[in-house]
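Engineer: What follows is the residue order along each chain.
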Amino acid sequence: MTFLSHLINGISLGSVYAIIALGYTMVYGIAKMLNFAHGDVIMVGAYICFFAVATYGLPPIVGVLLAMVVCTALGMLIERLAYKPLRQAPSLAVLITAIGVSYFLQNGAQLLWSANNKMFPNFLNFGGKTGLSLFDGQLTISWTAIVTVVACVVIMIALTLFTGKTRIGKAMRACSEDKGAAELMGINVNTTISVTFAIGSALAAIAGVLLCSAYPILVPTTGSMPGIKAFTAAVFGGIGSIPGALLGGVLLGVIEIFAKAYISTQLSDAIVFAVLIIVLLVKPTGLLGKQIREKV
Amino acid sequence: MATMLKVDNINVYYGAIHAVKDVSFHVDEGEVVTLIGANGAGKSTILKTVSGMLRTKTGSIEFVGENISHTEAHKLVYKGLAHVPEGRRIFQQMTVLENLEMGAYIHKNPTKEELEDIFERFPRLKERRSQIAGTLSGGEQQMLAMGRALISHPKLLMLDEPSMGLAPILVEQIFDIIKELHKAGTTILLVEQNAEMALKVADRAYVLETGSVAMSGTGAELATSDAIKKAYLGG
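Chains A and B, in that order, give the protein sequences.
Letter by letter, the first sequence follows residues 834 to 1129 of the working numbering.
Letter by letter, the second sequence follows residues 4 to 238 of the working numbering.
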């Protein structure tokens, strides 16, 4: 039973990583940049939801929607102000800018909301119960875990349909393959990149709320470690690939929880990264990474 | 005949390299005009400048009477300019059908008739409509690139080295298609290294040498010119 319980926790944590990893992977796919500020957008989303619900007493769903709106705007603003002027710059310049934006958001949050812990409220409390009891109470699955996994699955299906079936989704794929050729089709590449940042940031808001529902201590650096883990998950699964983000995220979450439970809490992160290194040694493009073939 | 494209005295640079020097030419409605010349003569650079991917420092580019030298590339597609770039640049990881849908991006989605039109002209594409484009042969990829451009109903079709890397039989096929398009009234600006084939299909031609127009005339005139024979047609 404890094994099952760890597995469920792992999948739930992994689902959060997967949702965050999607933001990394989509932005990387299209803008060919690593948006290291993505993790901090998660933190902003969590704060917005926290204040909306705990301070202003709004219903949780309104808090989540508000967080999504704010993060979407924030993501587009960051892209417009910090990354767009560097579109032609070397990728190192963009990377350093992204790290700068990350610190800017963390310090901004500290200034606005202080560095003190905020206890994120548990929204998912039905009839005084925070979870689903199974096998005569031997196994409890928290509502948060269930909602997280369901949210992750719904988001994956929605994104797969979006990129596979809609006009703008296909335009995104076209841009991620060849921006010049996409431009020659009449696709506005700048708008498409902006839309990608918007979607990634809205997902970051959802991830922020889910993350803090499971691990309720909210500080300005809340997003940074999960951000790095999710980036790892994106690379693990094959950066640029949407199913890869899901697979990488879930595997990473499960490995992390198992390592914590059965090996060592302190070493869990080291174990996670060791697994990443082994995977990359064997398959440098990640588990589902695309082999880039050129045909002239 | 109305002038479709008028390029007037353009100069294009890649950093410090002066790639196109004082080039002027025009394309009339319904004409096939070709730019020929050796590798590095500036042919592709000129096409990229017309389609808005590069900018000229001087002069102007007029398309159907409108100065487009500062218009963004994606907006020019809406004005009726289609550019099949060098190396085809199809979307390798998308299906043939999705590539065509991207070609019709400016019309939201391609209609059944538009798709049928393209499939009639390129039957191979119909057979392979759900195949991933990267798995097509070179000739099929060129046909897809041309179909993707034609589906937007362009006023002017610009082709950059459509014969590049293709077997002779496929080159023939591509030029047959260009002839058919010409007959159907499509205006075409063709860039080619294969001068012999290009001069056969072209109404008029411009010869480029190290970034400047060295010679111009009708396709037939240039095909019989001694200088051209010597330089490009192997004696």
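Note that these hints are calculated values from the structure, not bench results.
Beta carbons: idealized from backbone N, C-alpha and C, even for Gly.
Heads up, some of the hints might be wrong.
Unchecked claim - Derived pair list, reagent style DSS-like, types lysine-lysine, alpha-carbon separation capped at 27 angstroms:
id, chain 1, residue 1, chain 2, residue 2
1, A, Lys1012, B, Lys203
2, B, Lys9, A, Lys917
3, A, Lys998, B, Lys115
4, B, Lys232, B, Lys158
5, B, Lys9, B, Lys24
6, B, Lys203, A, Lys998
As the list claims (entries may be wrong) - Take a look, some chain B residues computed to stay more than 12 angstroms from chain A by CB distance:
id, residue
7, Ala5
8, Asp25
9, Glu32
10, Ala76
11, His77
12, Tyr81
13, Gln96
14, Ala107
15, Arg127
16, Ala136
17, Ser155
18, Gly188
19, Thr227
Engineer: If a hint holds in the structure, say so; if it does not, say that too.
Structural biologist: To see whether the hints hold, each was checked on the structure:
{"no.": "1", "hint": "A/Lys1012 <-> B/Lys203", "result": "violated (34 angstroms)"}
{"no.": "2", "hint": "B/Lys9 <-> A/Lys917", "result": "violated (33 angstroms)"}
{"no.": "3", "hint": "A/Lys998 <-> B/Lys115", "result": "holds (17 angstroms)"}
{"no.": "4", "hint": "B/Lys232 <-> B/Lys158", "result": "violated (32 angstroms)"}
{"no.": "5", "hint": "B/Lys9 <-> B/Lys24", "result": "holds (16 angstroms)"}
{"no.": "6", "hint": "B/Lys203 <-> A/Lys998", "result": "violated (43 angstroms)"}
{"no.": "7", "hint": "Ala5", "result": "holds (24 angstroms)"}
{"no.": "8", "hint": "Asp25", "result": "holds (26 angstroms)"}
{"no.": "9", "hint": "Glu32", "result": "holds (22 angstroms)"}
{"no.": "10", "hint": "Ala76", "result": "violated (4 angstroms)"}
{"no.": "11", "hint": "His77", "result": "violated (5 angstroms)"}
{"no.": "12", "hint": "Tyr81", "result": "violated (6 angstroms)"}
{"no.": "13", "hint": "Gln96", "result": "violated (6 angstroms)"}
{"no.": "14", "hint": "Ala107", "result": "violated (9 angstroms)"}
{"no.": "15", "hint": "Arg127", "result": "holds (16 angstroms)"}
{"no.": "16", "hint": "Ala136", "result": "violated (10 angstroms)"}
{"no.": "17", "hint": "Ser155", "result": "violated (7 angstroms)"}
{"no.": "18", "hint": "Gly188", "result": "holds (22 angstroms)"}
{"no.": "19", "hint": "Thr227", "result": "holds (34 angstroms)"}
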